[in-house]
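**Q** Sequence:
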Amino acid sequence: MSVMAELTIFPMDKGVHLSPFVARAVAIIEKSGLVCSFGPMGTIIEGDWDEVMAVVSACFKDLEQDSERISLNLKVDYNKGDASRMTQKLESVRTKMAGSAD
Numbered sequence: 002m003s004v005m006a007e008l009t010i011f012p013m014d015k016g017v018h019l020s021p022f023v024a025r026a027v028a029i030i031e032k033s034g035l036v037c038s039f040g041p042m043g044t045i046i047e048g049d050w051d052e053v054m055a056v057v058s059a060c061f062k063d064l065e066q067d068s069e070r071i072s073l074n075l076k077v078d079y080n081k082g083d084a085s086r087m088t089q090k091l092e093s094v095r096t097k098m099a100g101s102a103d
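The sequence shown begins at 2 in the working numbering and counts up one residue at a time.
The hints are simulated quantities; they were obtained by calculation from the structure and are not laboratory data. Possibly wrong hints are sitting among the right ones.
Listed next, the in silico DSS-like pairs over lysine-lysine satisfying Cα-Cα at most 27 angstroms (straight line) [as the list claims (entries may be wrong)]:
| no. | residue 1 | residue 2 |
| --- | --- | --- |
| 1 | K97 | K76 |
| 2 | K32 | K62 |
| 3 | K15 | K62 |
| 4 | K81 | K32 |
| 5 | K76 | K15 |
| 6 | K81 | K97 |
| 7 | K90 | K62 |
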């Protein structure tokens, strides 16, 4: 089983400079040991359901300590098949792009 989740989380009551809060969430994700990919609009996390949801919850609980309002967007792709789909999906697209360059 594999879950890929794209998480975007930030406080809504801390002004416009939110990178310190985003950095806290990304640090939690990276320390989890799950496969992840940090991006400008969110972080993708891959693992089994319980592991991924535990990391999402940990990120929320961390920001909840000093935030009155939190925006959390979560997009999940579940597949009973193989894990490591994040890497496989990227490689598949790159291969097709290389093939269309001819």
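**Q** With reference to the structure, classify each hint as holding or not holding.
**A** Hints versus structure:
1. K97 <-> K76: With a Cα-Cα distance of about 25 angstroms, the restraint between K97 and K76 holds, given a limit of 27 angstroms.
2. K32 <-> K62: The hint holds at about 15 angstroms.
3. K15 <-> K62: Holds, at roughly 16 angstroms.
4. K81 <-> K32: OK: K81 and K32 at ~25 angstroms, within 27 angstroms.
5. K76 <-> K15: Holds. K76 to K15 sits at ~24 angstroms (cutoff 27 angstroms).
6. K81 <-> K97: Roughly 25 angstroms separates the two Cα atoms, so the pair holds.
7. K90 <-> K62: 31 angstroms, violated
Checked against the numbered hints above, the structure violates only hint 7.
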